[in-house]
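Numbering of the sequence shown is given in this note's numbering, commencing with residue 1 and proceeding in unit increments.
Be a bit skeptical, because a hint or two may be false.
[To be verified] Result set (EDC-like, lysine to aspartate or glutamate): computed pairs, CA atoms no more than 20 Å apart in a straight line: (1) K364 to D68; (2) K342 to D125; (3) K342 to D68.
Note that these hints are calculated values from the structure, not bench results. All values derive from a computational prediction rather than experimental measurement.
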Amino acid sequence: MRRTSMLRNVSILAVCQGFFNSTQSIMISIGGLVGFMLATDKSLATLPVTAVVTGTAIASIPASFVMDRIGRRAGFIIGSFAGIMGAALAGSGVYTGSFLYFVLGSMLVGIFAAFANYYRFAAADVATEDYRSRAISYVMAGGVIAGFMGPQIALWTENLLPPYTFLGSYFAIAGLLALTIILMLFADIPHIPRAERAEENDPTTAAARPLPELAKQPVFIVAVLSGMIGYGVMSLIMTATPLAMVGCGLHTATALGVIQWHVVAMFAPSFFTGHLIHRFGVLTVILTGVLLMLVCVAIALSGQEAWNFYSGLILLGLGWNFMFIGGTTLLTEAYTAKERAKVQAMNEFMIFGTVAAASLSSGKLLDAFGWNAVVLGALPLLTIAGSAALWLAVTRMMQRRNYA
Numbered sequence: 001m002r003r004t005s006m007l008r009n010v011s012i013l014a015v016c017q018g019f020f021n022s023t024q025s026i027m028i029s030i031g032g033l034v035g036f037m038l039a040t041d042k043s044l045a046t047l048p049v050t051a052v053v054t055g056t057a058i059a060s061i062p063a064s065f066v067m068d069r070i071g072r073r074a075g076f077i078i079g080s081f082a083g084i085m086g087a088a089l090a091g092s093g094v095y096t097g098s099f100l101y102f103v104l105g106s107m108l109v110g111i112f113a114a115f116a117n118y119y120r121f122a123a124a125d126v127a128t129e130d131y132r133s134r135a136i137s138y139v140m141a142g143g144v145i146a147g148f149m150g151p152q153i154a155l156w157t158e159n160l161l162p163p164y165t166f167l168g169s170y171f172a173i174a175g176l177l178a179l180t181i182i183l184m185l186f187a188d189i190p191h192i193p194r195a196e197r198a199e200e201n202d203p204t205t206a207a208a209r210p211l212p213e214l215a216k217q218p219v220f221i222v223a224v225l226s227g228m229i230g231y232g233v234m235s236l237i238m239t240a241t242p243l244a245m246v247g248c249g250l251h252t253a254t255a256l257g258v259i260q261w262h263v264v265a266m267f268a269p270s271f272f273t274g275h276l277i278h279r280f281g282v283l284t285v286i287l288t289g290v291l292l293m294l295v296c297v298a299i300a301l302s303g304q305e306a307w308n309f310y311s312g313l314i315l316l317g318l319g320w321n322f323m324f325i326g327g328t329t330l331l332t333e334a335y336t337a338k339e340r341a342k343v344q345a346m347n348e349f350m351i352f353g354t355v356a357a358a359s360l361s362s363g364k365l366l367d368a369f370g371w372n373a374v375v376l377g378a379l380p381l382l383t384i385a386g387s388a389a390l391w392l393a394v395t396r397m398m399q400r401r402n403y404a
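Use the sequences and the hints to build the structure in full.
Structure below.
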């Protein structure tokens, strides 16, 4: 593939990543607020956000194998159509006052997300070997667009169609997804049959290992824990943030501003996270992410002023970036080309299954025990992730000394 074609494809994927993350940012920013307006049981206010990540978890494995069969581009277009239908159904829920429609529509948007989460893997497909790590980073960095676009769209469309608060936001989501379909028509992501790709990239005669054997590897366990807990803790705290802020008397615009800078902090480091991993090692970056999230917890527990939410959520975004990209990078050490599809699928399923549980727990904890309980819930999870990464780092250090 020519360099100009490769750069064009990476650019298209980066913009699509930005639109994808913008839809997610809108859903997270207002999903709990709309859920609170529609739900009879207010403890279920964050259920629509949970439905998004539940849809993502459910569709993660099928999405991987669908694209393995029909190609990345066709899969991305199918996913975008599912998201458009979801936005329409969620909007009808707002219009009719149906909490059920709103939740089901949110789940369909989550199914779109399951496909879109593979944009970073598509970047690897279209890039040359020497450009591959940068291509993945640049596509992830496209999410910076969402930090500015998502919450602002939610704010601009809040009262676009009175008296139906936030109805216009779901028209905006459908529009963004239509743009991803148009952009994807100009992408050239070659589809290589699975058997041919495995032979090309992994010409050894060794058979692919069964998934249980792959899952026993320490590197697999630490990589998946980093992604699961990094994303889960981020979801646990972020999902409750808009409701907690409004409950503290802060304005909706302030809450959306916090989410905006949180999303920027999630993706802006992607411009240099790969360099940090190359220089300091992937486990060091993962452990730094855990530390940043622990500082976020400390700040969140120290008060409920606007600056607590701003600084805490920015650190939460930075920590997520280091743990998620670090976990993704570490995961590549756990499989061969023949094993790639099933390992990636399992990784995505486990991550977003955890995120679904975390977002649902977030609303329950906030309603029953308050903001501090939500934040404290992150501590045992971060302890597990940090301990696992530290154990693997020490193990590798001892192995290097033995070989020296």
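Results of checking the hints against the structure:
{"no.": "1", "hint": "K364 to D68", "result": "violated (38 Å)"}
{"no.": "2", "hint": "K342 to D125", "result": "holds (16 Å)"}
{"no.": "3", "hint": "K342 to D68", "result": "holds (10 Å)"}
Violated hints amount to a single one, hint 1; each of the other numbered hints is respected by the structure.
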